[in-house]
Every structure is written in C-alpha cells, then in structure tokens.
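Trainee: Between the sequences and the hints, there should be enough to build the whole structure, so can you do that?
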Amino acid sequence: MATSPRNLFLLVLSVCLALFLALPAQAQTSTDDADTADVLTPQAAVEVDPVNSDTDIQNRISAIVDATGWYQDVTIRVQEGVVFLDGVADTDARKEWVRQLAAKTNGVVAVVNRMIVDETVVWSFDPAISEIQRLVRQAVTVMPLVLLALLVLPVAWFVARLVFRFAASALTTRIQSPFLRKVVARAVAFPVLLLGIYIVLQVAGLTQLAISLVGGAGVLGIVIGFAFRDIAENFLSSLILSVRRPFRRDDYVEVAGIAGTVRSMNTRSTIIRSVEGNLIHVPNSIIFKSVIENFTSSPERRGEFVVGIGYDAVVAQAQEVIMNGLRSHGAVLADPAPMVLVDELGASTINIKTYYWFDGLEISAIKLKSALLRMVKSDLTAAGISMPDEAREVIFPEGVQVQTQVEHIDNSAASVAALPKSDKPPVEPAQTSAEADLKNDLLPPQSEDDRLEEDANDLLAAR
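The sequence shown begins at 1 in this note's numbering and counts up by one.
Simulated from the structure, these hints should not be mistaken for lab results. These numbers come from a predicted model, not from an experiment. A portion of the hints provided could be inaccurate.
Stated by the list, open to error - Label pairs and their in silico Cβ distance ranges:
1. R249 / G310: 47 to 57 Å
2. P246 / L162: 30 to 40 Å
3. P336 / N278: 28 to 38 Å
4. P154 / D359: 51 to 61 Å
5. G257 / V306: 25 to 35 Å
6. R165 / E300: 41 to 51 Å
7. S298 / G257: 20 to 30 Å
8. T75 / A139: 43 to 53 Å
In this text, a Cβ means the ideal position worked out from N, Cα and C, and glycines have one as well.
Mentor: Encoded structure:
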C-alpha cells in the first residue's frame, strides 16, 4: 500500500470536489430576487367585492399587473366574466403567471391569454454574479465536510497500510511469492480505505452518489475488461501459476514447443532461457493452457536405446552381457534397475531395447547414451555376438562379371595371416574426452547480464 504523498493529496482533493459539486443549492435568502419571483404562482384566490362586476374584475387585475412592471402595452378587458389579456411579456413564465392571476380572481369564468412573448436579450453580468455568489455560499457550506474528509481519509489510509503490513506478515509462511503476498494483502486492506470514503459520503448525505459511482465503476470495469482481456488473462494465469507452482526458477522445462531454463515469471509472461542462450518471453496464458514438461522436478530420468544382434546369437547371453555392462557403469542407477528386453524381430537382426535410469540433474542424457552404446558394442564384440547390418537387396540390371584370381586371394589371405593377433578386442572406456565427465550441459549457465523485466515482482522468487 506504499503510495506517495502526492497521490494521497490527489485522492483527498477528488473527494472534496465531488462533495462540493454534488451538494444541493442552499435556499436563497434574498427577498427581492426578481428572477425567482417571476415564476411564482398566486397561492390564494384574489379577493374582491362580493358582487364582482366585469369592471371591478378588470380594474383589480389591471392594478396588479401594472404593479409588477413586467409587461408592456397591456390591455385587459372583461366581458361576462371572461378575461381577455393582450400585451407583451418578456418570458413564457410571466405570460403564464398573468393567466394564473386572472384565473384565480373571484368572478372570472374563463381566461383568454393573447399576450405575446418578446424575449429581449439583455447584456448583463447579473446572472454570472448570482451564480458566483451561489457557489461561494455552497463552498462555505461544504467546508466542514472538506475538513472531515481531510481528517477521515488520511486516518483510513494509515489504517489500511497497517492492515496491509499485518496481512503481508501473516501470509509469509503461507504464500512463498513476495508479489503474490502483496496482491493478497492489498485485497485485504483495500476495504478499509473504502470504508473511510463511505463514511465521508454518508456524513455528507451523498449515499446515492456513492451508489452511482460504484455502479459506474462496475460498468467501466466491464468495458476495460473487454478492452484489456489479454492482459487480465495473463495476470490471472500468473497468479494461478504462482499458487500451483508447476515449475521453479532454474527448472528445465518444455512448454508450447519451447524448451529451456526458467529464469523468472512476472504478471505478464514467463522468461525461459533456451539451450541456445536466448531469452524467450512466453505469455502466462499460453503456459497455463499448455502441457508443461518439467525435466528437473524429479532427479531420476529414464533413457533407452536399441541394439540389433544376429539371429545366430543367443539372446539370453546378449541380454546378460548388456545388463552386466549397465550395472558396471557408475552413472546408471541401480534402483530402479535397468531392463534389457527383446523389442522386435527385424529383417536381419533381433532388436534388444534397453531401459536405464540416471540422475537427470547431474548427468547429461545424450552423453550417457553415447558412453553406454560404445560400451555395449565393445562388450558384445568381445563376447563374439554379431551385430549384422540390415539386409539389403542389390540389383545389377546388366549382370556382374566374375573373374577368379586365386593367386591374388592366396596372397591376400597370407597378408591377413601375417597380421599380429590379439586375444581380446580393445576395451572401451567408461567415457571419452568428447563425453567429458558426463556432466549435464543442457542447463545453460546463468548470467547476471540477462535483462529480466519486473525482477522485483518475480513470482518465482524465494520468500
């Protein structure tokens, strides 16, 4: 809830301005305001003599109209109780006023109002001055509410900050992500601030205004939600991912066809560093909807390879040779134990599929597979088990000419016999210089120069 004093001042000023503009106008105290008087309607019947002749009615109405001074060229004629009004009025309200006056006079049967309206534009600052005076009176009236807002709102803000800090401290052991703790703590503390604003509006008698503001905020929220649907979707996905935590920082994952090391996750996207060293920003909504394959969530990983042996070989012997080689290799785990099984009977070979387990956090899968294939090939060769190539059929359309050279064959055989013989083929080492120490190189080294966005709000950060 940390906010600058400038933002707090703007909030107080906004509430005060709303109070000032929404207050009803105070009753006018001036009794000689002509603009108010011209729209008044006579409240009681005009009393004349009990026996009202047309002349008496005409004289009475004429005297009253002349006393107002609002009309020009006024002619009032009464015949059989019917009043005929002629003349010029400057507004419709004054035209209606004189008709009401005549209608409420005793003895009047009907009124024929033939007065015309001549709205003459008068260049005067009186309306502006009257409006300014009204605003000044409202400002004086609203001053106590302004003082109340200046007192209540800072107190509510201070209490909301205390609630925010208490909630953040209480959630330390429950929520690991600092950013997520802030979001939840703000959600807990925000109603306290709303309560302070409600108190100010309630005291000012502007409860209906508060309801209107809330309703308008709801409609505005719907409009903004449609306009920024993708942003809201990514934000909600980031919150759900930070709670479920399918991966952590430095985990090697593959999601949406992208594989690499997780560096950080903000409210918009997750940053993954690929094996090529590139930083890839994946929107959180895509990650939330996609299948996540985490290679480092469990250290044990399984590898496999296929070896083909000849049909003349003993399969059980080949299985035993391969199994002994796997057991002797230090990188292969004893538990779960390796499995050497016949996979299929091929065209020219019996394919044996081998399954083995290793520590995926420390050992490289591709390097270990290379070392095991070399070792198995060497062990099978030493045991005299053939590994023939796949059968192929070669067609020579024009035939093949065969020429026998016995002498040359004998010389070749003699040359082969002259080669030094060895009892055993050379033994393959557990790993070569190309395979180094079998260390896992799929996880690229972290760099402090990586440009990460919103690192302070990293949802994967430690507590």
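Trainee: Please write out, lowest number first, the hints stated earlier that are contradicted by the structure.
Mentor: As far as the earlier hints go, not one is violated by this structure.
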